[in-house]
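**Q** Top to bottom, those sequences are chains Y and E.
One point on numbering: in the working numbering, the residue at position 47 of the first sequence is 47, and numbering is uninterrupted.
One point on numbering: in the working numbering, the residue at position 59 of the second sequence is 165, and numbering is uninterrupted.
Be a bit skeptical, because a hint or two may be false.
Unchecked claim - Below are the SDA-like pairs computed for lysine to any residue, each with C-alpha atoms no more than 25 Å apart in a straight line:
no., chain 1, residue 1, chain 2, residue 2
1, Y, LYS95, E, ARG188
2, Y, LYS53, E, ASP187
3, Y, LYS95, E, SER192
4, Y, LYS95, E, GLU212
5, Y, LYS95, E, SER119
6, E, LYS207, Y, PRO101
7, Y, LYS50, E, GLU212
8, Y, LYS53, E, ARG214
9, Y, LYS53, E, ALA182
10, Y, LYS95, E, PRO125
11, Y, LYS95, E, ALA182
12, Y, LYS50, E, ASP187
13, Y, LYS95, E, ASP136
14, E, LYS207, Y, ARG18
15, Y, LYS95, E, ARG224
16, Y, LYS95, E, VAL190
17, Y, LYS95, E, ASP187
18, E, LYS207, Y, ARG61
19, Y, LYS50, E, LYS207
20, Y, LYS95, E, THR203
21, E, LYS207, Y, THR88
22, E, LYS131, Y, ARG27
23, E, LYS131, Y, PRO101
24, Y, LYS53, Y, LYS95
25, Y, LYS95, E, LEU181
26, E, LYS131, Y, ALA96
27, Y, LYS95, E, ARG160
28, Y, LYS95, E, ARG214
29, Y, LYS95, E, ARG139
30, E, LYS207, Y, ARG27
31, Y, LYS95, E, THR219
32, E, LYS131, Y, ALA92
33, Y, LYS95, E, VAL216
34, Y, LYS95, E, PRO159
35, Y, LYS95, E, LYS207
Derived from the structure by calculation, the hints contain no laboratory data.
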Amino acid sequence: MQTYEVDGWTALGDPTRRAIFERIADRPRAVGELASELPVSRPAVSQHLKVLKNAGLVMDRADGTRRIYRLRPDGLGALRADLDRFWTQALAAYKAVVEQPPEEAP
Amino acid sequence: MSTQAADTSVRTSIVVEAPLERAFKVFVEDFDRIKPREHNMLGVDIAETVFEPRVGGNIYDRGVDGSECRWARVLAYEPPDRVVFSWDISPHWQIETDPEKTSEVEVRFVSETPERTRVELEHRNLDRHGAGWEGAREGVAADQGWPLYLQRYADLLNV
């Protein structure tokens, strides 16, 4: 299981990054395209893409002089890994609750 | 606690020091305490999470403004042994209205001793969330939301 510097939820907490991410989800895009579609400078777009990439949300590849960004194709494997963690944690929380002494009626 | 996963499902289990009936009751009635309120698709804070204890019921979050997010349908309700519910959340943190694109969670409660219960959870048919993964949008657009959402949940529980 990979770990990333920033978790995806945090990365998407920023509205501009969310907008960038949604455009990339629609189809792969280059930095210049994103900058032209959004009220954000090209350097700012690059910075946001860096965060998204560090969070494991997007990947890039060179296309001539451009870099094309797309979502990471982790698919089912990533979903399973995260659900596995999710339920393991949820059951741990459940265990803590269920093993508490029953509350006395007020 | 142990975990394992098949290709399109996740299985995990835990043993709790509680009688069978109480183990079941707490899971359903205290689901609000198992699931953090920050785990939220509403636009407002969650006031409570409700697990309706009947087939055809929902699990839903109710916001502080009264709005509701019904994100699961109870498919089987067999106290104190078993409950099954659907998982109706799309990869983009929205309710999935197409049942064909939802997965399901089965929770089984097995008595080990009069005071100890094993709880087995299986979240299966995960591939249904990916309907279209290989098709439109370069085959990757639909599969990103869940991991993020769940990671956030895990982080909250992990404090």
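**Q** So, for every hint listed, does it hold in this structure?
**A** Structure-based check of all given hints:
1. Y:LYS95 x E:ARG188: 17 Å, holds
2. Y:LYS53 x E:ASP187: 44 Å, violated
3. Y:LYS95 x E:SER192: Holds - the C-alpha atoms of SER192 of chain E and LYS95 of chain Y are around 22 Å apart, at most 25 Å.
4. Y:LYS95 x E:GLU212: 17 Å, holds
5. Y:LYS95 x E:SER119: 11 Å, holds
6. E:LYS207 x Y:PRO101: 40 Å, violated
7. Y:LYS50 x E:GLU212: 39 Å, violated
8. Y:LYS53 x E:ARG214: Not OK: LYS53 of chain Y and ARG214 of chain E at ~39 Å, beyond 25 Å, violated.
9. Y:LYS53 x E:ALA182: 41 Å, violated
10. Y:LYS95 x E:PRO125: Given that 25 Å is the threshold and the Cα spacing comes to 12 Å, the pair holds.
11. Y:LYS95 x E:ALA182: 22 Å, holds
12. Y:LYS50 x E:ASP187: 48 Å, violated
13. Y:LYS95 x E:ASP136: Status holds; Cα separation ~11 Å.
14. E:LYS207 x Y:ARG18: 24 Å, holds
15. Y:LYS95 x E:ARG224: Between LYS95 of chain Y and ARG224 of chain E the Cα gap is close to 11 Å, so the pair holds against 25 Å.
16. Y:LYS95 x E:VAL190: 19 Å, holds
17. Y:LYS95 x E:ASP187: Between LYS95 of chain Y and ASP187 of chain E the Cα gap is close to 17 Å, so the pair holds against 25 Å.
18. E:LYS207 x Y:ARG61: Violated - the C-alpha atoms of ARG61 of chain Y and LYS207 of chain E are around 31 Å apart, more than 25 Å.
19. Y:LYS50 x E:LYS207: The hint is violated at about 32 Å.
20. Y:LYS95 x E:THR203: Status violated; Cα separation ~32 Å.
21. E:LYS207 x Y:THR88: Since the Cα atoms of LYS207 of chain E and THR88 of chain Y sit roughly 23 Å apart, the hinted pair holds (cutoff 25 Å).
22. E:LYS131 x Y:ARG27: 46 Å, violated
23. E:LYS131 x Y:PRO101: 14 Å, holds
24. Y:LYS53 x Y:LYS95: 36 Å, violated
25. Y:LYS95 x E:LEU181: This hinted pair holds, its Cα atoms lying about 24 Å apart.
26. E:LYS131 x Y:ALA96: Holds: LYS131 of chain E and ALA96 of chain Y sit about 14 Å apart, inside 25 Å.
27. Y:LYS95 x E:ARG160: Given that 25 Å is the threshold and the Cα spacing comes to 23 Å, the pair holds.
28. Y:LYS95 x E:ARG214: Roughly 14 Å between the alpha carbons, so the hint for LYS95 of chain Y and ARG214 of chain E holds.
29. Y:LYS95 x E:ARG139: 11 Å, holds
30. E:LYS207 x Y:ARG27: 21 Å, holds
31. Y:LYS95 x E:THR219: Answer holds: LYS95 of chain Y to THR219 of chain E is near 16 Å, not above 25 Å.
32. E:LYS131 x Y:ALA92: Cα-Cα ~16 Å, so holds.
33. Y:LYS95 x E:VAL216: Holds - the C-alpha atoms of VAL216 of chain E and LYS95 of chain Y are around 15 Å apart, at most 25 Å.
34. Y:LYS95 x E:PRO159: 20 Å, holds
35. Y:LYS95 x E:LYS207: This hinted pair is violated, its Cα atoms lying about 30 Å apart.
Of the numbered hints given earlier, the model fails hints 2, 6, 7, 8, 9, 12, 18, 19, 20, 22, 24 and 35; all others are met.
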